[in-house]
Amino acid sequence: MSSILQKFKPKEGSFWETFKYKDLLYQLVSRDIKLKYRRSFLGYVWSVLNPLLIMMIMAVVFSFLFQRNLALFPIYLLAGRTMFEFVNNSVGKALGAITDNATLLKKTYVPKYMFPLSKVTSTMVDFVFSLGALVIVMVVFSFTQGKVLFSFWNLGIIIPIIQAYIFALGLGFFLAQLHVFFRDIRYIYNAFVTMWLYCSAIFYDIGMFYEKADRQIAEGSLPYAKYLAFVVENLNPLYIYIKQFRYFVWVPGIDNVPYWAAVNQWDFILGTIYALVMFAIGTYFFKRSQDKFILYI
Amino acid sequence: MENSNSQPLDAGFEYIIDVEDVTVRFNKSTEKINDLKEYFVKLVKHQLMFQEFLALQNVSLHIKKGEAWAIIGTNGSGKSTLLKVISKILKPYKGSVTVRGTVASLIELGAGIDPKLTARENIYLNGCILGYDKKFIDSKFDEIVEFSELEDFLDSPVQNFSSGMKSRLGFSVATIVQPDILIVDEVLSVGDVLFRKKCMNKMNEMLSMGTTLLFVSHNMQQVRAMCNKAIWLNHGKVLKIGDAEGICDEYETNIEAIKAEERKKRAQAEKALNDQAESIRKKREQMNAANKQ
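If you read the protein sequences in the order shown, they are chains A and B.
Residue numbering for the first sequence follows our numbering, beginning at 29 and increasing consecutively.
Residue numbering for the second sequence follows our numbering, beginning at 2 and increasing consecutively.
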């Protein structure tokens with residue numbers, strides 16, 4: 029293996045050059061994680077506690093608001109939110125990764141990919157910690173429901189996690205290079221995230237759209253809710269990852285699986301295509317403009 | 002330390018560094034356009050002009066293995082830019098740079114030091130930024146600590162360190178390998194005399210082992226002591242290139258001439274000022290005399 033790695037000579041400025049710097053990636057990621065909780069009293073516990081607290085508030089608020097009586101709603105909610113936060117946080121941090129490391133990039137040669145890459149990776153590590161919150165909620169509901177909610181199916185979450193990781197890398201590279209030239213990208217992105225949140229079916233479910241469409245058809249009006257559902261289910265990669273994630277942690281625990289929660293191979297293929305295309309776009313633009321970074325940071 | 006595109010050191014090549022007709026271009030535009038609105042406003046007004054500034058113009062430099070080169074010139078002459086081009090931080094706008102061998106550049110000590118991390122963590126982080134792997138740093142860790150003389154502060158955050166301590170840390174990490182090429186940019190002006198001496202010794206030791214040196218300094222004494230070749234840059238162009246002795250002499254007389262010129266100008270300005278003050282004083286005396294009468 030090591031001999032293969034030694035023979036592996038990536039071109040300078042290509043993404044694959046980062047493999048030569050895997051120890052640096054480890055150092056950057058461990059720095060981010062160490063510094064995040066240094067000098068905090070509870071340390072890593074916050075990674076679990078934070079999503080747990082937010083989930084509790086949201087579960088109470090949205091059970092009142094929607095009254096959907098979705099089975100195991102807290103698990104549904106937490107699964108969606110954890111996934112959303114992973115993509116959103118990693119892209120948000122990757123966005124500023126080049127400009128934040130300006131002094132370093134001006135003084136030494138390091139593959140510039142390293143910085144967005146390390147931010148997305150450290151957020152993923154944090155995300156894995158935060159899965160502890162999901163485990164706690166599932167344990168609690170295993171007791172209240174009187175049945176074990178854990179199964180081998182749960183391990184399937186690795187599929188949407190990998191897809192989301194690649195997607196976040198691509199989007200992170202793309203926005204990081206754009207941010208070097210236009211600092212307003214951050215504000216545009218922040219507004220975009222709010223829209224994205226409402227389009228990702230975190231605290232509602234896509235079944236609401238179909239029911240509304242049925243009513244619209246019965247009334248004889250335009251069933252636009254159906255088109256909305258189509259947009260969310262097919263054009264929002266993040267929803268595809270959330271849907272798959274829920275399929276492996278939420279769906280195995282419920283008795284009557286709603287038709288909109290079932291995942292088929294189409295979701296898997298579409299999600300993978302989105303991830304790879306985003307990655308290709310991100311690295312293409314990053315590679316094209318990386319030599320100009322130093323003139324603008 | 003391994004650079005992916007640098008070719009292996011090969012006896013077949015006469016030169017270890019080839020800088021071929023390199024031009025580096027910067028945008029000198031007075032205001033940076035950092036947001037979209039400005040960009041479109043300027044685009045509509047046709048003000049998206051690129052005010053070019055050439056930091057280096059058609060510079061060629063060929064360095065043989067084992068030579069010690071000094072890069073001299075006044076501030077803003079392009080010395081640091083040349084070093085950055087050679088260490089791949091900057092891409093040349095025109096021309097090409099070929100480096101055959103591993104490079105250790107001490108352009109700014111501790112550029113990769115994170116003040117919130119401890120010295121121990123920083124040794125690993127900084128080492129990895131320079132391209133070493135973890136195993137290598139593990140094996141050299143004690144040596145680094147010993148050279149930097151920071152044994153007692155290993156686990157305290159670097160933000161509490163003095164600037165001398167920081168550069169000691171940076172220098173110790175950066176010079177732990179035996180690179181083919183060592184690039185030094187006025188970094189030795191920090192730290193106490195003893196440590197500076199230690200650094201000089203380390204560099205001399207490297208030189209005697211066959212490392213090629215590129216050295217930027219304003220101190221001609223240092224240059225004479227360390228280097229056998231020199232390149233003199235002025236406003237991004239090569240003014241003189243050749244043996245260190247001769248160029249140092251010429252540079253010094255030139256600098257002396259410039260300084261003498263400046264002194265002359267200053268003396269003239271002072272004289273004018275004094276004359277003015279004198280005339281004012283005279284006027285006031287006259288007025289006083291008139292008042293008395």
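In case anyone wonders, no lab produced these hints; they're calculated from the structure.
Yeah, the Cβ is synthetic: ideal placement off N, Cα and C, and Gly gets one too.
Any given hint could be a false lead.
[Said to hold, decoys possible] Facing chain A, from chain B, some residues (calculated, C-beta under 8 Å):
| hint | residue |
| --- | --- |
| 1 | Leu37 |
| 2 | Lys89 |
| 3 | Tyr125 |
| 4 | Val178 |
| 5 | Pro180 |
| 6 | Lys199 |
| 7 | Met201 |
| 8 | Ala261 |
[What the hints assert, rightly or not] Okay, the calculated bits of chain B under chain A, using three or more residues with CB under 8 Å as the criterion:
| hint | region |
| --- | --- |
| 9 | 70-84 |
| 10 | 128-138 |
[Said to hold, decoys possible] When the alpha-carbon atoms are kept at most 25 Å apart in a straight line, the in silico PhoX-like pairs for lysine-lysine are as follows:
| hint | chain 1 | residue 1 | chain 2 | residue 2 |
| --- | --- | --- | --- | --- |
| 11 | B | Lys38 | B | Lys65 |
| 12 | A | Lys175 | A | Lys50 |
| 13 | A | Lys315 | B | Lys92 |
| 14 | A | Lys62 | B | Lys95 |
| 15 | B | Lys136 | B | Lys117 |
| 16 | B | Lys238 | A | Lys134 |
| 17 | B | Lys135 | A | Lys50 |
| 18 | A | Lys48 | A | Lys240 |
| 19 | A | Lys39 | B | Lys95 |
| 20 | B | Lys136 | A | Lys48 |
| 21 | B | Lys89 | B | Lys135 |
Verification of the hints:
1. Leu37: For Leu37 (chain B), the interface hint holds, since the closest Cβ of chain A sits about 5 Å away, which is under 8 Å.
2. Lys89: Constraint on Lys89 (chain B) satisfied, holds at 4 Å.
3. Tyr125: For Tyr125 (chain B), the interface hint holds, since the closest Cβ of chain A sits about 6 Å away, which is under 8 Å.
4. Val178: violated, 14 Å
5. Pro180: violated, 13 Å
6. Lys199: Lys199 (chain B) check fails; min Cβ-Cβ to chain A is 23 Å, beyond 8 Å.
7. Met201: Constraint on Met201 (chain B) not satisfied, violated at 22 Å.
8. Ala261: violated, 36 Å
9. 70-84: As far as the region 70-84 of chain B goes, the hint is violated, because 0 residues have Cβ atoms under 8 Å from chain A.
10. 128-138: holds (count 7)
11. B:Lys38 - B:Lys65: It is violated: about 51 Å lies between the C-alpha atoms, which goes past 25 Å.
12. A:Lys175 - A:Lys50: violated, 43 Å
13. A:Lys315 - B:Lys92: Given pair Lys315 (chain A), Lys92 (chain B) holds - Cα atoms ~13 Å apart, limit 25 Å.
14. A:Lys62 - B:Lys95: Answer violated: Lys62 (chain A) to Lys95 (chain B) is near 43 Å, above 25 Å.
15. B:Lys136 - B:Lys117: With Cα atoms ~24 Å apart, Lys136 (chain B) and Lys117 (chain B) stay inside 25 Å; holds.
16. B:Lys238 - A:Lys134: holds, 22 Å
17. B:Lys135 - A:Lys50: Given that 25 Å is the threshold and the Cα spacing comes to 10 Å, the pair holds.
18. A:Lys48 - A:Lys240: violated, 53 Å
19. A:Lys39 - B:Lys95: holds, 20 Å
20. B:Lys136 - A:Lys48: holds, 14 Å
21. B:Lys89 - B:Lys135: Between Lys89 (chain B) and Lys135 (chain B) the Cα gap is close to 23 Å, so the pair holds against 25 Å.
Violated hints for the displayed structure, listed by number in ascending order: 4, 5, 6, 7, 8, 9, 11, 12, 14, 18.
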